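Asker: From just these sequences and the hints, can you work out the full model?
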Amino acid sequence: MSPEIRVLGLAGELCSLRLPAESKLPELKAAIQKALGIPSHQQRLLRGSEEFNEWDGLGEDFEVSLLRQAALTDSERSYWAEQLQKDGMELLYAPEEVQADRELVMLAVQQAGEALAIAADDLHHDRPVVLHADVYKENLVRRNVEVKQNGLSLTYASAALKNDKDLVLTAVRQNGLALRHADGRLRRDPQVAMAAVQQNGYVISDSSFDASLRDDPDIALAAVSYDGCALKHVSAQLRKDRQIVLAAVRSNGNAIMWADPVFRSDREVMLQAVRYHGTLLRCASEDLRHDREVVYQAVLGHGYALSYASTPLRADPLLLRLSSRPHCHIPIRLEDEKIVYIEDGDDR
Numbered sequence: 001m002s003p004e005i006r007v008l009g010l011a012g013e014l015c016s017l018r019l020p021a022e023s024k025l026p027e028l029k030a031a032i033q034k035a036l037g038i039p040s041h042q043q044r045l046l047r048g049s050e051e052f053n054e055w056d057g058l059g060e061d062f063e064v065s066l067l068r069q070a071a072l073t074d075s076e077r078s079y080w081a082e083q084l085q086k087d088g089m090e091l092l093y094a095p096e097e098v099q100a101d102r103e104l105v106m107l108a109v110q111q112a113g114e115a116l117a118i119a120a121d122d123l124h125h126d127r128p129v130v131l132h133a134d135v136y137k138e139n140l141v142r143r144n145v146e147v148k149q150n151g152l153s154l155t156y157a158s159a160a161l162k163n164d165k166d167l168v169l170t171a172v173r174q175n176g177l178a179l180r181h182a183d184g185r186l187r188r189d190p191q192v193a194m195a196a197v198q199q200n201g202y203v204i205s206d207s208s209f210d211a212s213l214r215d216d217p218d219i220a221l222a223a224v225s226y227d228g229c230a231l232k233h234v235s236a237q238l239r240k241d242r243q244i245v246l247a248a249v250r251s252n253g254n255a256i257m258w259a260d261p262v263f264r265s266d267r268e269v270m271l272q273a274v275r276y277h278g279t280l281l282r283c284a285s286e287d288l289r290h291d292r293e294v295v296y297q298a299v300l301g302h303g304y305a306l307s308y309a310s311t312p313l314r315a316d317p318l319l320l321r322l323s324s325r326p327h328c329h330i331p332i333r334l335e336d337e338k339i340v341y342i343e344d345g346d347d348r
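Residue numbers for the sequence shown follow full-length UniProt numbering, so the first one is 1 and each next one is one higher.
Everything labelled a hint here was simulated from the structure, so no lab data went into it.
Bear in mind that the values here come from a model prediction, so they are computed numbers and not experimental data.
C-beta: ideal position from N, C-alpha, C; glycine also.
Misleading hints may appear alongside valid ones.
[To be verified] Lysine-lysine pairs mimicking DSS-like chemistry, simulated, CA-CA at most 27 Å apart:
1. Lys24 / Lys165
2. Lys34 / Lys24
3. Lys29 / Lys165
[Said to hold, decoys possible] Just the calculated beta-carbon pair ranges, DEER-fashion:
4. Glu13 / Ser78: 57 to 65 Å
5. Glu335 / Asn163: 57 to 65 Å
6. Asp206 / Pro39: 38 to 46 Å
7. Lys232 / Ile342: 23 to 31 Å
8. Ala236 / Arg77: 57 to 65 Å
9. Lys240 / Pro326: 15 to 23 Å
10. Glu13 / Glu96: 23 to 31 Å
11. Lys232 / Glu82: 46 to 54 Å
12. Arg18 / Leu46: 14 to 22 Å
13. Arg314 / Glu337: 47 to 55 Å
14. Lys34 / Asp74: 22 to 30 Å
Answerer: Next up, the structure:
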């Protein structure tokens, strides 16, 4: 049978409730609000002389004393609403009544998701509040861009909400690293993991990332497409997958260093790598160091790459001229046999 909870006021018993033994503080406050009409943020509960925060389980009947906290006046509410709309972190300096006020906390977390850490504990269980913290918008003056951010506010959510798939998906789409704060069940969910690595491919390297998902070719492809160096963290078997390796070197040529050695003889893969950075010619097979087109592309990227070419190509007049150019570390292209230095973002 569910334990009986007697709610006492200064004049005696106010009501008697029965709740499931596994109930937590928010459920108790909600039941009191339903029975007495006192909003949960105005409730202060004492069990004996101790502040009643939460409990692991109710094993027997007990009593709680209810103290009603003064409600905010209209002028106080207006003042804090204005302050929190300017800067959500002003919640840090607000009185407890404000930190426990659902509407005002919603305003705060819309401006700064981190403000959820300051809010009253029972609001950490409130799904809409946590969701607003995950998707709050911050207006940036630069370029007038509006950026959605802070999935990391999932850190402050209750255990139940960390197990809410829709909410966790929202969080990891804002910040892939929020995956580390999700419930273990959802960290093993391929859909959630995919959303996280699509937002931030480095998530695959995080110690909290489920190891078995590093064998998933779709997740691996998403990670290396974000940054090829994520290839270092996928399974050894997937480092032999040509589609994944090719996507990795297109994203970041340095990925060739973690690819299976067989790809150092793959002309298409090595061309992508040396176009990223010419000195990666050092990773090419002997045959490809003797391939004039591969060496030529490498030297266009960095003059020093010629030192990794085969002996005959190191004596090639055109390659020598290109490699000995001033500022040889800056990529170039040839236009009517004239050297044109390439600015960031240009193609060669």
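Asker: Each hint should be assessed against the structure and marked as holding or not.
Answerer: So, going through the hints one by one against the coordinates:
1. Lys24 / Lys165: holds, 21 Å
2. Lys34 / Lys24: holds, 16 Å
3. Lys29 / Lys165: holds, 26 Å
4. Glu13 / Ser78: 57 to 65 Å: At 37 Å between Cβs, range violated.
5. Glu335 / Asn163: 57 to 65 Å: holds, 59 Å
6. Asp206 / Pro39: 38 to 46 Å: holds, 40 Å
7. Lys232 / Ile342: 23 to 31 Å: Because 28 Å falls inside the window, the suggested range holds.
8. Ala236 / Arg77: 57 to 65 Å: Check passed, 60 Å falls within 57 to 65 Å.
9. Lys240 / Pro326: 15 to 23 Å: violated, 42 Å
10. Glu13 / Glu96: 23 to 31 Å: holds, 26 Å
11. Lys232 / Glu82: 46 to 54 Å: Distance hint for Lys232, Glu82 holds at roughly 49 Å.
12. Arg18 / Leu46: 14 to 22 Å: Taking Cβ atoms as reference, Arg18 and Leu46 lie about 20 Å apart, which means the hint holds.
13. Arg314 / Glu337: 47 to 55 Å: Cβ of Arg314 to Cβ of Glu337: about 21 Å, so the range 47 to 55 Å is violated.
14. Lys34 / Asp74: 22 to 30 Å: Between Lys34 and Asp74, where Cβ atoms are some 26 Å apart, the hint holds.
Hint compliance for this structure: hints 4, 9, 13 are broken, all remaining hints hold.
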